[in-house]
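Asks: Here is how the chains run, residue by residue.
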Amino acid sequence: MAEQAHIKKGNRKAKTRMLFNFLKGSYLLFFAGIVFTFLISFTDTLNPQIVSAVVDGVIGDGAENVPQVVEKIIELFGGYQGLKDNMILTAAMVVSIAFISAIAYFSNRYFITNASETLMKNMRDRIFTHIQHLPYSWHMKNRTGDIIQRCTSDADNIRNFITEQLISLFRIIVMLTLSVYYMYSMNLTLAIISTSFIPLILIYCILYRSKVGKRFREADEAEGQLSAMVQENLTGVRVVRAFGREKEERDKFTAFNNEFAGMWMKLNKLFTFFWSSTDGIGYLQNVVVVTVGTMLCIQGKISSGNLIAFISYNVMMIGPIRQLGRMLAELSKADVSLDRICEIMSAKEEHDRPNAIELDKIGDISFNHVSYGYEERKVLDDVSFTIKEGQTIGILGGTGSGKTTIISLLGRLYDLEEGCGNITINGGTDIQDVKAHWLRKNIGIVMQEPYLFSSTLGGNIAISTDDASEDEVRTAARIASLDETIEQFKDKYETFVGERGVTLSGGQKQRVAIARAVLAGTQVIVFDDALSAVDTQTDAKIRKELAVHFANSTVILVSHRITTLMNADNIIVLDKGRIVEQGTHDELVKKDGLYNTIYKIQKSGSEVE
Amino acid sequence: MDNTDYKSKSLPFFGIPKLAPFIKPYKKKMVLMVIFGIMVSVLDVLLPQFQRYAINHITDGVFEKTIVTFVVLYVTTVLLECTTNYLSCLFSANLEISIARDLRNACFNHLQTLSFTYYNQNGVGYIHSRVMSDNIRIGEVVSWELMGVVWNMSYVIGTMAVMFATNVTLTLLVITVIPVVLLMFSIFQKKLVFYHRRIREINSRITSNFNEGITGAKTIKALVVEDKMINKFKSETQNMRRTSINHSKVRGLFASTIVFASSFALAIVLWRGGILTNEGVMELGTYSVFMSYSLGIVEPIRWLVDSVSGFIMTQVNIERVTRLLSISSDVNDTEEVIKIYGDTFETKKENWEPLKGDIEFKDVSFVYPDGKETVLEHFNLKIPQGTTLAIVGETGAGKSTLANLVCRFYEPTKGQVLIDGRDVRERSQQWLHSNMGFVLQTPHLFSGSIIDNIRFGKLDATEEEVMEALRSVSAEGIVEKAEKGLNTDVGEGGDFLSTGEKQLISFARAIIADPRILILDEATASVDTLTEQKIQNAITSLIKDRTTIMIAHRLSTVVNADMILVVANGKIIEQGTHRELMKKRGHYYDLYMRQYDEDAVKQTLG
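Protein sequences appear in the order of chains A and B.
My numbering puts the first residue of the first sequence at 1, with every later residue one more than the last.
My numbering puts the first residue of the second sequence at 1, with every later residue one more than the last.
Since the hints were made in silico from the structure, they are not lab data.
No residue lacks a Cβ here, since even glycine has one placed at the ideal position from N, Cα and C.
Do not take every clue at face value.
Claimed, not checked - A few chain B residues that face chain A, going by a derived Cβ cut-off under 8 Å, partial list only:
#, residue
1, 449
2, 451
3, 572
Unchecked claim - Under the rule of at most 27 Å between Cα atoms (straight-line distance), these lysine-lysine pairs were calculated in the DSS-like manner:
#, chain 1, residue 1, chain 2, residue 2
4, A, 441, B, 228
5, B, 544, B, 382
6, B, 232, A, 24
7, A, 600, B, 382
8, A, 544, A, 361
9, B, 544, A, 252
10, A, 252, A, 388
11, A, 141, B, 218
12, B, 348, A, 247
13, A, 141, B, 228
14, A, 603, B, 583
The following block holds chain B by itself, in its conformation from the complex (with noise of 0.2 Å):
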């Protein structure tokens, strides 16, 4: 992902552009700034002025006369200077702010809406840095990038309407050497471009280095491969110096040749400018002057330079962030739905009607929008209100799929998911998603208390109703035992609390709103085997007078389940009830007798 990423030719005027919406609240700020930034630059080209007067007139007596007004005039303009660039950076920063703060929210705002596809397709990693990291540097580069190069070329084109006024032939040797920065500027930039993305890309693999040297310690220690490792470390961390070196090794020379170009502005003035010094045409202040101006202009123009380079980097950035936002999602609510119950914000419960429960899939084929292969085929089943559907098989082999699908986290390609008989696309996601409860196989909760996160699945709920819930799973005593009870905080992502404990909160959280349809995904997997039993009892009497999905690969769980699923590699290769399957001696049977076996292990030795 991250490559193609760089591929990205150049949009117009930067991409920023594409950021109007963002910039147009701030106008006023904006159009501020930039006044602000070319007064500052004004003053900054002044200022060198009153040190040219003041040595312009040693020798002639006028200096003495008029420095009460020299130096009220001079202090004035420093102050002048101090409040322009104080009120200019003032509106930079906040527009730098502001602007990021916008783009968070709207990327923020947008993923909530974005169906799983796009989670799929994108690592966690990669979707936080464009929310995060690419918003500050857009937010940067709208606010003091963009004030830098108004500053700099103000300053730039100031300084040389002072220094033609002053001396034209002077300035024109003088200006003689942009063109030479101009020049070596494109000459580098491509090779610098070039190095700093192979640099990043080094950079990545020395992470997952660290990554495997640290995830596969047991393996690792147990093959006696640690050499091998380092090794391999070794040739990537050499692989690093040398490319960071031979990139300074550019960027070294395009420093310096900066340098040696800006001295020629310099070796000009002193040298043209001495000889019509020596001749009188021209006063020694004005002669030290042009000094400093030929001197003080070499930087701003480099600056300038480098900020092209900035904005032709930050394209990428606004690139990401903007395809983020107009990436729309391929799970939508039809304008009809939106208008009867609201959309994903702003719901409109007063049209909802309730949800029995009855689930049906009706000539459904589905192929993942990111895969090829097609996961079910003209695939029909009646889940009636209030009985169970089991699915069974081994981890990663496409169990989630029916879920997914009843969830309408994805659409069917083909046919239709129906519930209570109609087409789950006629009521809105919201609608559904209020009814349903679910349990995830790894529990997320989120930073808080223990009641917030309970309160996920009703937001209203009593202390009592929390209780309840807890109590209706056997957890209450994870609140019982903790000094500050239910204000207990989990920590971040539920860290201070064993994976049991968080399952078990998950199971309260998705039972409080006594959803109509329930659904388990591997929901025992990773907790321990004493969590397993309480979670077991449980199970038996949530599932009762609710509809079920149960997504399990302990079986034991599905014995009573009126209906079986297995699945493998993603498909379905077997269907029926516990009874049949075992009599059918194919892969049910095999699973449930591993596990069986290992189940007989577990009761008798504990």
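Chain A extracted, bound-state conformation (with noise of 0.2 Å):
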């Protein structure tokens, strides 16, 4: 229980400075939209004010409980007598107040959406940057819709929140002051009488939210399953089809959208209540306001002026009051948000050691009693190998055989764990030992599902360059038998992919990832199994040419196919994460082990018929 504690303290620790990081650059501008938010609140109430001076001083005998400001604005514009020989001096005073208060609605508004705009861009950049930054192994880990979903609703909802209703909260707070204090330096046994309905709306408030709160989220709830129905009747339209089940999902669909109808209907009953009872409310504090306040303007206790800036002050008041209530149930919706984000942003990202290295290029390549797992399970056990410098090494190995995660090592997608052996270049430094990005721009991987980023077909092949000409493109192009394919569309290079472009075959989708590599131009490349989607004939041209470009390259090439393997320089054999063998072709073939099992079998299927 104790330690439940300490983590929830130091979760909220972590999220008020996460909070704050998001605010940065932005206090200033909510500072200047709340000292205009006051500007606004003062001006409203500064009205009735002076209307109950001009009733009182212009057209009556005498004011009374003028404030100050008042009566440096009436002498600014000729004092009373100078209003009473001149009425329209009263109109321009009030005019000249409004003026004021439009400059200050309208840099309110800059103000605040400024601060909010900046917020949200902080927020955005920010939790964006942060996810780039995190290590592959947390993508593996979460579901791409929810972390959109954070990044999206969950931003917006921390951004409403702190705009709309923390901002608000200032103005309610400010009105409220404003009004009461008014109220009560103008006549003591109305403002008691008035304020005295205060804490009832606001009690009545809070126990109504309270007893529509659990229904409100079954509500809401009941929405969320209605609508992931239609979803997944819509992504399950063949099956709903295929099996003639149109009229079953029909009424599954009409009984449940109108059962939430009838929550709602009950709801809603339930809001009317409320918003009727609370403005009746209101408006009986004001037949009380009213009565009483006649009655005390009759005994002489309060002038006529006076008193209609009372009433007006009395109606000003309830809104503010009743939109307090509001506010509780949208703050506890805005810290779910904040926790939701919060724990995006407290995942670890990667980092380098302190003292990691650049190198000057990389030689030979050693993985030493490399073992890796994800969960409990083995991916890698015990793998030891070597690659010389400008070698080409084969690796071979079937679904599940841990290939990939030996490319993702040495790409340092993964990282080893303490000892579970190491990866090292250059006769002995630890791969871990030098930076990430560094390693990664001189390997190259090319991937057996690339992505394609929403860009030109001509931005994808050159996305990790950054001034390549087009000649070069047109070149790598060329060499992953990729420029044909590319001259049929009209756009040619400039060709949209991706998201709402061109949608591309898997084998051109593998030969764009092939021409990014060359045109990259890494000292090590790596293809896993990257061209598997390809026809033979296209493949065995793609080969070729290969070969010519990366020969003074270190290569290393991850296949089931031993066609494509043979000529490799060394070839490792991986079973269920283990290296069983480990050659060349011709060492292999004469060992007589699993490999030349697997060769005579492929060699006897292109034999058959």
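Assembling the complex is the task here: the two chains are given apart, and the hints tell you how they should meet.
Replies: Right, dumping it as structure tokens:
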């Protein structure tokens, strides 16, 4: 229990720190916005005072309880006598105040939006940057849809709470304080009567919220379920049709939809009652204030101008008090969102070791007793091998044999744990002591299922280089046998691909990835089953080109086709995370082990029929 | 798709007449809502009169004498206001919920009848928001916003009537403010709508940036382009910030000019009314009440103006929903067919003849309704009852076309698809589908229990039958190891199960109704090796005595098929038995060899 409390406390600290980070750069803007909020409230509460002073001082026999500010303003416009002589000046006075108010309104909106957008930009940028720097293992663990939901709607919730609720809280407090202050300065009895309603309404609001809260959440959940049902029906439309279950789906939906609507009907009854009853309380309070106020006025305890002003303030108070009740509900919503984002932000970013270095080149690469497992399962078990500079090495293995893990470890997409062996380059430098970015920049990995960014084809090829010329891009495309395909598109290299562009086939995507690697021209290049979706003819053509292009590079080939690997200087045969055989093609064939068995089957296959 | 939506032109009366059939059942409620709404505003206009009365009678002693009557009347009016307010809100809320509910039902039902052409052209997210958010918005508009208009309109009219009755000149002066407000509105409106759209566009770009940064994580890291991605992202968020701030300037200017304009109303009253009161022409109470009226009238006018822009924006929602409801499917049963076989929702099973399973493509040409290229041209093929047709080719090459035609998810552009010798269009879709079993590449389960999902294939299946179906695909293990057995919840979209388990259950679902035609659409593509083995074993027994169309990318399964079609780029490029195709040394041979090599590794190394 104590521990839990401790975690909660630590969490709150992290949340507060995160929030302050998000707010960096927008403090001053928020502050300016709040200052103008004060100004608006001030001018808003000024009007009734002006009216009161005019009624008593200009029309009546003399003003009472006039605040100093108002006196000053009236003096500015020629004093009571001046106003009496020239009534249009009262109008000028009101318009001037309104002018200030309008400027305050504008500035307030400008500063608050600016602050809010700065906050939002900062929040989004920080989240995105953080996600980009999170280790790959984090990405593997979390679901895309969920993360995006957090980055968008939860971020929105936080922004809305800060810029709308929190700011109006300031405004409400100022309004209430000023109104109450003016009311008390005008007439104590009436003020006590009027403000005694405040706690009443507030308590009513809170009680009501707690009563409705549960139902509200239920209805909210029901909406989520209804929405999920539609989603399921739409994504499963083929299943529904193929099984002819349209009627059952309709009945299910209708039943749920009606139930959902019924929940809202009940909820709305409560809401409606709440609205009209708080309205009622407000109006009744007004009845009391008007009646008692008039009686007091008759007894001469309050001037008629003051009474008019008092009634205006009284009306002004009711709205904000009701708003306070709503704010409490919003607060818990924002807190949940903050938690959800905090979970992302508190995940550890990738870090190089403090003394991480950059080298001048990547020479020999050695895996020394490397073991690796995701969670419980061991994917690599005591794997050791060496790749000499400029060599080509082949890795043969089935699905789940750990081939891809070897590549991911080499690119430091995953880091090895203490005591699980190490990977060294240039005869002794642990790659964990090398800067991860430098390492990846110098090891090109062509994946089986590469990702294309929503950009042009040319842009996708040149993504990892900043200054590739058009010719270089074309050459890379030619080596990857992509040039002819590209020429077929109307916009050639400017063809848009990805989310909102042309969809490429698996083989075309793979060739784009190869062109990328060619253009990047790294010292070490890995082909992770990179031509699996390309047809045999093109495959052979590309491989011939690559052999020339990467003649001086260290090449790692991953495949399950012996014809792809047989010319390598060294071939590693992987089985369930262990190296079972190693050597050149000729050596392995002579050994008559697993490699040779596979070779024989594959060879006989190519001779069948 | 979304872009064209914004450009939609204005509809007469904001498109509300298009909703007439949905509003009609609630006509009475709507009338009552309006009546009570008007009553509320009349009472709202009356309330300040009490204040006026009180202040006017401060000095003449009348107030003290009438105080009891005053309080009673005042309180009665307040209570009456509350009651009418309650009732009008209640009717309004009722309307909102009912209409949104009916629209949702209508949309959902209509979607059940639309063909795949519609589903291919519109993303799930797009359709989803038609059913959910658009309808919610429409519900709001025809209830609350409409009542708001009624209330505000009658309040403004009522207030003006009282003002005119009290003092004509002063009122005329005050209402000069109204055209100013309207002018401001027309000036600012266009700009505001423009910014509103821009912001939405940028927002959706930011979301896709998030998406890219997250789904492309591995590639981004391997290529070390994090900074590039971050910079791209930051330029979008910067764009958003700039646009939003510009938007706020326009909005701020709009709001503050209205504040300023409304102050003129007060200023005029203070000035002219002050003179009148000074001269004794006007009483003090009247003067004060005039001020509250002239201040009170500005807010409702602004509200009215706002609702106009609200209505303009909602036209898009109305348009989208009514368009969805008016789209008709391009696969329809004819009147005669419906008469005999029944429609989608009301079937006439008694008239259904049994299906044997002979399939024939007769001179079929086909172009996808949303495509340009001819996928099939004068295609002829017989799939006799009980035989297996396999279709192979690269992912995304258009292998599903034939299956789609057999299922009548699409109809041929030219030619005929015959089932048991009769055109597929001569009998109802429901008849056809009830005789078919279907397994997809990505198994789709529905929220609910395992048994619910399997019964999707046969509604009245007994538990024993369900277990039998599971056993026939060697999937009984899933149920046995689960605590609640058949009643185990599968989660949303079947998320509590592994893909392999989901696929096995979808097999059981397909098989339970003992279908005559079985369609396996890459049914083993996304499962692990172990499950694949299980399914492979099951398939052999499942396809016996059934006409089977097997779309596959693993070729080991198709070797024994009676006929194999090879598809590339949406066209059939080779056709024959395994033996014939291997001899040809063409595309099939290539594909086969590649997988053969892979299998060799798999067999040897496990």
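Asks: Indicate, hint by hint, whether the structure satisfies it.
Replies: A quick look at each hint next to the structure:
1. 449: 14 Å, violated
2. 451: 15 Å, violated
3. 572: 17 Å, violated
4. A:441 to B:228: 14 Å, holds
5. B:544 to B:382: This hinted pair holds, its Cα atoms lying about 18 Å apart.
6. B:232 to A:24: Satisfied, since the Cα-Cα distance of roughly 21 Å is no more than 27 Å.
7. A:600 to B:382: 39 Å, violated
8. A:544 to A:361: 26 Å, holds
9. B:544 to A:252: 35 Å, violated
10. A:252 to A:388: 65 Å, violated
11. A:141 to B:218: 13 Å, holds
12. B:348 to A:247: 13 Å, holds
13. A:141 to B:228: 24 Å, holds
14. A:603 to B:583: 17 Å, holds
Hint compliance for this structure: hints 1, 2, 3, 7, 9 and 10 are broken, all remaining hints hold.
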